[in-house]
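Here is what each chain is made of, one letter per residue.
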Amino acid sequence: MGQGPVNYNQETIDPTNPNGPRIEAIIPYYIYSRAYKYDSVKYENLRAVKEVLENPKRIFWGIRAYSEGGWCYVGKPTELYIKENEKTDFPPNMVFAVYLTEKYEVFDWISEYMDEEDNLSPKNWRERYRSLVWLSTS
Amino acid sequence: MAEHFLDQYVEGEKGFLAEPWYNALGDCIEYHTANEAVVADRIDEKLTIYRSVTTNKPVGFKLKDVQAILSRYGCAGLAVMSLEQNKTLISVAAILLAAYEDGPPSIKRRLAYANALLPPENPFSIPVDRICKSSLRQTV
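Chains as they are written, first to last, in this note's numbering: chain U, 1 to 138; chain X, 1001 to 1140.
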């Protein structure tokens, strides 16, 4: 049973200080509760959001053409829900992108085709984001 | 199915609604026509077509930077009067057309925006052999 409107905090790497303490990204109540009520497969794939924030492979800054800032955390989760009660191994030709505001609030998450030159980045990332600010070495 | 880490914070029934939604935090309009996983097909800076992960068919779209479009064209320039609801609505089709006008003309963009406005299964389409005499090339 629900506990009322609660934002969910998820620890993740601080892209401005990757070797320092982890920061808390926020999954806002109004974002995840909306997905639960009206977009249930997307809600299921918040599991992948958690996985990517825990273990990102790439972090990009500057995700919009007409506004400053914003972050994109990218990773390879283990599974993807493709229908309400149907999941599969995460597709090998894709990455999972989690989009956050400048204040680390999650507002979107989606599978993307991987880039031809870097299979841990979304396709055409050089044209889409201002900069790659961090990449995993493991 | 393993318990979802957010299940303790939500109430009511899980569901699906095929309806455009303005995501204020992301300043984007999202529209899913099917309750299934999607992969992004980025068309330009504003439009992303959602494709089914399993079939690759278009199943919706995301339109970004909505406030930039509204500030350029004004709400009045994108508003329509709803006769059923007796209130003024912002036309998603008008915002899509405004976004299209902002970018360079190309066949890929034109088809993607047309797809977002009216999916191919919509009756507002005509079989190709009724219009094109010899080849598809004549139509592009």
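Because the hints were derived from the structure by calculation, they are not lab data.
Computed from a predicted structure; not experimentally measured.
Among the hints, erroneous ones may be present.
As the list claims (entries may be wrong) - No more than 25 Å apart at the CA atoms, straight line, and that leaves these computed lysine to aspartate or glutamate pairs for DMTMM-like:
1) U:K76 - X:D1041
2) U:K57 - X:E1045
3) X:K1057 - X:E1011
Violated hints - listed by number, lowest first: 3
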